[in-house]
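Two chains, two separate frames, one set of hints: put the complex together.
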Amino acid sequence: MKHRMAVSVLSLVGFFVAFYLLLWKIGVLGELACSTGGCETVQTSEYSSLLGVPVALYGVAGFVSLFVLSLVGLQPRWLGRREPTVLMTVFSGIGVAFSAYLTYLEASVIHAWCQWCIASAIIITTAFAFSLLGLLTWQANQVEA
Amino acid sequence: MAGKANMKLFYAGLVVIFVAGAAVIWLASRGGGPPPVQILDEPLTLGTSAFPGYVIGSDSAPVEIVQYADFTCSHCATFAVLHGPTIMSRLVQTGLARLRFRGFALYQVSLVPLNAAACAGEQGKFWEMHDALMFNQNEWFSGPDWPTARRTLRTFRGYARDAGVDVGSYDDCVEEGRYYERIVATREELSGSGLSSTPAFDVGPYRAVGMISYDSLRALVEAVAEQQR
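As they're listed, the protein sequences go chains A and B.
As numbered in my numbering, residues 4 to 148 make up the first sequence, in order.
As numbered in my numbering, residues 18 to 246 make up the second sequence, in order.
Chain B extracted, bound-state conformation (with noise of 0.2 Å):
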């Protein structure tokens, strides 16, 4: 008798484990959502100090998605895998908007990797070794100590030699980090307008810092669009 009334007993337990478990998930689940949105008292303009990024879309496009990132951050490389494909056949490639770029080294190695893109870049192929840093950050992320392994460099070279870069001048850019002094400047000029973290998005007047989903940012290219009829 006694055995029945503790199995029972038992068996409430385990289902008060399984809902609260649930539950606390739910919740987490929701949390992961659209982070809370801003307006910018100006929208940031391009500083002259440093560079402006690189664009992708149509000039014509009304309305500007300006995206600040950094390769090393996992959130940024979450994003590009799962929202990147679908902003770009849904919003660049159809004209409703035009992606900016702008690398937001988080820290000293960040500079890395964003040089590695910026010498791709000088070859007009920053956004095919974008999407190889990005879609592969498990690949070549792994702790602190990664950059000093000439094997990451290795790694480097070889999307970009996939991307179509010719490796030689590639060679001779990142072996001198050409791009660092600019990295360093964009990070201070964009530090300086209060951004601190990766990912964040301007839309117009919108910031959104955090990870956001396709949805919701869609939703702030469509006000910004409607506030310019």
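Bound-form chain A, shown alone (with noise of 0.2 Å):
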């Protein structure tokens, strides 16, 4: 259970990440907060929107996606099952990839950080690392309870 806990905080965590580099990226927003310097230059690369969607929207779906499946592994009928779980693993791998590749990006090809990308990979990864332990650990968590 804990597990989930966790990764519903860090899922709304990220979903505002996310959400506030979209609403730059949509121009709702004049100055993106960026002590790196190289946030607007990732936010205009070319690679900052994927089949002509930003990549900003995304990261917002993802996160969503992860907090409504962590709440709902939370409920009474799901606690004791662990399809939430298997589905928050393999949610949050294809975001791990996903901003591995934007990292690679940023690193070698756009050569510029953006630390809110990097703080929403760092909390995708965290949120991975959670559901993974919770998955891995789901037969001893069973006996316990």
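Read the hints as simulated data drawn from the structure, not as lab findings.
One should not assume that every hint holds.
Straight-line Cα separation of at most 20 Å, EDC-like style, residue types lysine to aspartate or glutamate; simulated pairs [unchecked claim]:
(1) A/K28 - B/E139
(2) A/K28 - B/D183
(3) A/K28 - A/E86
Pairwise CB distance ranges, derived in the manner of DEER restraints [what the hints assert, rightly or not]:
(4) A/G55 - B/R171: 18 to 26 Å
(5) A/H114 - B/G185: 52 to 60 Å
(6) A/A103 - B/V41: 25 to 33 Å
(7) B/A236 - A/W81: 49 to 57 Å
(8) A/Y104 - B/A240: 46 to 54 Å
(9) B/D76 - A/Y107: 22 to 30 Å
(10) A/T140 - B/P102: 28 to 36 Å
Cβ coordinates follow ideal geometry from the N, Cα and C atoms, glycine included.
Here it is as structure tokens:
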């Protein structure tokens, strides 16, 4: 149960990070708070959109999905079932792979760092770690319960 | 019992995070509003050492908006996309104001698109090229290595051709960097007047540095027009 709670908290924080970037991308926010100085370079690069959709929107959708999944998994009828944790691991795993690709682009292609993108990558990686841990220790936790 | 108490605490924590996140974003969106406006000791006169810029609008318009911008500046592109069309239709075409564009090269690489626009300007197509460069900034500006790519110059050439520029003489102009010196001289002149970032706007005695909304710009135009009555 604890791993689902951790993923809920992480995905809610991740949602706000991605939502902040999305609002800037679509012109709602005038200025990005950015101590690394590269946020706008990253956000205006050709890699900030994928298939015509802002990358930040994928982040928002991913974190919302993860948040909903983790909350569903905390409801009494799903607490004893493994499926929510499996799905959380798959979703966050896809997120980690996508974040790794974006981080590679920042380092090797765009040559600029966006602190919010890095924060998002750390959050999704931590969420994946919790989900995987929950999956790997599922059997033991059920026996204890 | 303990489990229920834990869950209550957990949901309360989620609500706190949600409220905090929403508050931060709300504050950030307010921070994106109009920048503080400075009052210039005396309005900047157009220097004789450099180029006075490109003007669109009526000579008889009572107010002139001078915009300082760089094609590689993301806020300049955002401004052009979000507010450019409204400024054109509601201020320039109505004769309330005319707009003067003065290029301010933030970086060495800024010379390339500024020069390309000036080359299109030779054939009276500066504003078409301006719009193409600003509206498509995402397409061609992709990091500090971009100007070395021939691909970028080909992209600019495509914009020029679409704008109706005769690309034969445009190519010569781009190849020789015909306007580099003028762009650098303008930069030096404007730096000397205290300008250090873009976008920036002078409207009469007022200077606004940073993103400005259409409403804020219009308020400055109306204030200056009022002073002149």
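To see whether the hints hold, each was checked on the structure:
Annotation: proposed proximity of A/K28 to B/E139 is violated, straight-line Cα distance about 34 Å (limit 20 Å). With a CA separation close to 35 Å, the supplied pair A/K28 and B/D183 exceeds the 20 Å bound. Only pairs whose Cα atoms come within 20 Å are accepted, and A/K28 paired with A/E86 is rejected, the gap being roughly 35 Å. Evaluation of the 18 to 26 Å hint for A/G55 and B/R171 yields a pass: the beta carbon distance comes to about 22 Å.
With their beta carbons about 35 Å apart, A/H114 and B/G185 fall outside the hinted range of 52 to 60 Å. Checked against the hint of 25 to 33 Å, the C-beta distance between A/A103 and B/V41 comes to roughly 27 Å, which is consistent with it. Between B/A236 and A/W81, the C-beta spacing of about 55 Å keeps the proposed range 49 to 57 Å intact. At roughly 50 Å, the beta-carbon separation of A/Y104 and B/A240 lies within the given 46 to 54 Å, and the hint holds.
Look at B/D76 against A/Y107: about 53 Å separates their beta carbons, and that is not inside 22 to 30 Å. Take A/T140 and B/P102: their Cβ atoms lie about 57 Å apart, and the range 28 to 36 Å is violated.
Of the numbered hints given earlier, the model fails hints 1, 2, 3, 5, 9 and 10; all others are met.
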